[in-house]
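Colleague: Residue-level listing of the chains:
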Amino acid sequence: MSLSDQSKTPGRLARAWDSDIAWSFRHSPVALVAGAVSLLIILAAAFAPLIAPHDPFDPSTLNLMDGFSAPMEPNAFTGNVYWLGTDNQGRDVFSTILYGARISLFVGFAAVLLAMVLGIAAGLVAGYRGGWVDGLLMRVADVQLTFPSILLALLIFGIARGFIPPAYREEMAIWVLIVAIGLSDWVQYARVVRGATMVEKNKEYVQAAKLIGAHPAKIVLRHILPNVLGPVLVIATIGLALAIIAEATLSFLGVGVPPTQPSLGTLIRIGQGFLFSGEWWILLFPSITLLALALSVNLLGDWLRDALNPRLR
Amino acid sequence: MTTPPLLSVRDLVVEFPTRRGTLRAIDKVSFDIAEGEVLGMVGESGAGKSLIGAAIIGLLEPPGRIAGGEILLRGERIDSLAAEPMRRIRGKRIGMVFQDPLTSLNPLYTVAEQLIETIRTHIDCNDREARERAVALLDRVGIPAAARRINDYPHHFSGGMRQRVVIALALAAEPELVIADEPTTALDVSVQAQIIDVLKEICAERGASVMLITHDMGVIAETADRVAVLYAGRLAEIGPVRDVIQHAEHPYTQGLMGSIPTLTQTSSRLVQIPGSMPRLDAIPQGCAFNPRCPHAMERCRRDRPGLLPRGADREVACWLYEAAEEEVRHG
Amino acid sequence: MADTVLQVAGLTRYFDVSKPWLNRVLEREERQFLTAVDDASFEIERGETFALVGESGSGKSTIAKMIVGLLAPSRGTIAFDGEPMHIQQGAAMRNLRRRFQMIFQDPFASLNPRWRVGEIIAEPIRTFGIASGAEVEREVARLLEVVGLSATDAGKFPHEFSGGQRQRIAIARALSSKPEFIVCDEPTSALDVSVQAQILNLMRDLQDEFGLTYLLISHDLSVVRHMANRIGVLYLGRLVEIADSKRLFTDPQHPYTRMLLDAVPDLALSGRRRTPVTGEIPNPINPPSGCAFHPRCPHVMERCKREIPLSRPTATGTAACHLLEDAPVA
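Protein sequences appear in the order of chains A, B and C.
Number 145 in the numbering used here belongs to position 145 of the first sequence; there are no gaps in the numbering.
Add 1000 to the 1-based position in the second sequence for the numbering used here, that's all there is to it.
Add 2000 to the 1-based position in the third sequence for the numbering used here, that's all there is to it.
Simulated from the structure, these hints should not be mistaken for laboratory data.
Treat the hints with care, since some could be wrong.
Computed list of lysine-lysine pairs in BS3-like fashion (alpha-carbon distance at most 30 Å, straight line) [claimed, not checked]:
1) A:Lys-218 x A:Lys-201
2) A:Lys-203 x C:Lys-2019
3) A:Lys-218 x C:Lys-2156
4) A:Lys-210 x C:Lys-2156
5) A:Lys-201 x C:Lys-2019
6) A:Lys-203 x C:Lys-2156
7) C:Lys-2178 x A:Lys-210
8) B:Lys-1028 x B:Lys-1200
9) B:Lys-1028 x B:Lys-1092
10) B:Lys-1092 x B:Lys-1200
11) C:Lys-2156 x C:Lys-2178
12) A:Lys-218 x A:Lys-203
Same shape as in the complex, but just chain A (with noise of 0.2 Å):
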């Protein structure tokens, strides 16, 4: 005898669609359109060559004669027309805000990956260990919040570069910066982690999983990770837009990515020497992309939190 019914069960992308999430995406217009913007901005600097009409990185495809090209306008020289306009040297705007992108997205990325996956260690460690491993953690995370991020990323930047060989700066710079934004960020993670375990841990299910010898490693990766996942996925989303700013002020600070592979940061920096000297057009493309992205990660975050929160629903 069954006593459950027997129903149908959809397929994986049916279920998917009609789940409460997707409902909630399709039904929020602000979600839809920071969806549309985030999802816009990041392919285009994904196919950034294939779409980009120069490779801004490339010196043989640069005429310094089309340098500060007005944007839809013909140069007064070339008579070359570029959407956007150019830089001093010649380089196609928006050629280098797709270019510029790609490397803000893949710093952005790399460094939200690296934080949630320290963050996450630590906080599942903390939470289920608890005592002073947690104590431990939590103190040196405490610490790390009483400095802001940014003087931190600062810092750190600071040490590496002093270990790296000059030769090796430019190469190594991307890298350092993602260390430089992950590893100032990872604290949010364990917190919120550490919180979630600390629930989790005590639940029926862990304690059925004890009960029959299962490895500690075992209950925390297969039993409690998945059960702690959903507000890590809300910070890394609002993490995401702050990390494309961290590694923005870090660049316009010029700590950041060298000129020769410029970020949308780079690119604002170099853009706000002209501002005054009338070519506005270097400096206000990027600012307006990375303001556009920014913006339209974190309300996708906003919304993934709301979303997710069912006391909110």
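Assemble chains B and C onto chain A, guided by the hints.
Modeller: Quick look at chains B and C alone, frame taken from chain A:
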């Protein structure tokens, strides 16, 4: 014309609009509560018993709403009242006792402040008189050294004592009706019995009627005069406690009574109703109980039975009894 | 001869409920200990259902957790089939673990929401190496049918089931390691009565079919009466009375047992006069001196406030009350 009953609920419908359609949580429920009567409202989780209480006091949580029927307090409609007049009725004419005493007590104020405020809002008296009343009330609900303990904060009281304070608070404005929603569920057995006794006695003393909402037939048996059995948002059976408990007529009530282990029974197996109560989005056509009913007939799958009168004070929503009635009439 | 499966002797568990070190130093407070279980001794025989009843703070769940090894005892011993549990290690411990299982109170918390039902039931099978490969799936399907579900339910997630169905899944998981002894910690207190009846009947059937021994933890005397052969009554961490089920209900020895029985609502409407129940359970951090029940006891004597009563033999078990000493059972 006869005087209207204290509370009369007619064809109450409560609905929850959701993205997958509107769920009907309470479906045409009708019952009366007479002056000084204790009506037990019993049902399993999800049957909608708490929703009826919330609908009466106008505290349905959105998006839930009353979608039909009416609620009359001494003949006056109260289901369509605006927020402000409803708020005055709550507390003054209808008192409330909830499962968790902490939801009814404000942790930031002393018991004295909360009791005196309630008394003075609803009864014309000065501060000293209100305090005297409050102390007397606490003393009556069985709080030792009430005059001293009245100045304590809610967290200074144990769970059982807190529920006594809540009962005092519910009765402070001398309401005509007290709605008690699972008042003893969070308490230990030995404390539960005391709280039930206090609630029953004090309401009887003051002539307040009680609507006692609970899943526990034992509590109903000890306390109520009449009992209404709820299944999937519909009334299955309503009648005097003794009749319903000893001679349940609706097959669901019969199954429910048989499934409760008692201290006196000796059989090794409990009666069990197969399956479980349907979810609100899958209530079967006809009688909501028909897929689990041992007596289900063709008609039960087609038409929903209304409440059929069975004797003076008893109604059952089951086609079995219509057949019986017809036989009596024709035979 | 009685075949004892579980022997518990002098089982005691303290919890350190002190404030953190710094607060203690600044506020000049002593360390505080809560005695959750104090000197509990009982035996459970093969094939029987032994029940522990008590209200909140009685220590019944703490005893359950110590028996299954989720908590270490502060003092005392637990022996399973004559083998002391806490000294077992490695393969011996693994073998011992396989033989006892637990059913938890909350069917919503006891199943991992991210795991499919099949994986949940298969976990003990894989961990103990009872079966492998396709055999695991067959075994899961068989277990689902044993508990009254369908084999196709293995692919679903716990949230697709009602509370009663989830408790069936939890029972299937408990059975999957082919245990002899199952600790049931309030297995039906989160369920509705009609579903409770289904689960209690199922537990009965499984006991008959597989010769299981149950330790039933409950606060509900009617459930205990229905299920148990023998019953231990706990009050504030102490076993106040152990007796055969029938005897306990017809002839309770300890005043607390009597009070508990009086507190059960009378569904038969027999109109029996009840002695009114009085008082509440004291704070277990600061239990009353002597017999912990003395502030609520109708028969309290001077001696009860000073001396903790020892367990004395009664007709079918033991009881710890000074009254019994003065008037020995006939």
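Colleague: Compare the structure with each hint and give your call.
Modeller: How the hints compare with the structure:
no.	hint	verdict
1	A:Lys-218 x A:Lys-201	holds, 13 Å
2	A:Lys-203 x C:Lys-2019	holds, 24 Å
3	A:Lys-218 x C:Lys-2156	holds, 22 Å
4	A:Lys-210 x C:Lys-2156	holds, 23 Å
5	A:Lys-201 x C:Lys-2019	holds, 22 Å
6	A:Lys-203 x C:Lys-2156	holds, 21 Å
7	C:Lys-2178 x A:Lys-210	holds, 17 Å
8	B:Lys-1028 x B:Lys-1200	holds, 29 Å
9	B:Lys-1028 x B:Lys-1092	holds, 28 Å
10	B:Lys-1092 x B:Lys-1200	holds, 19 Å
11	C:Lys-2156 x C:Lys-2178	holds, 23 Å
12	A:Lys-218 x A:Lys-203	holds, 16 Å
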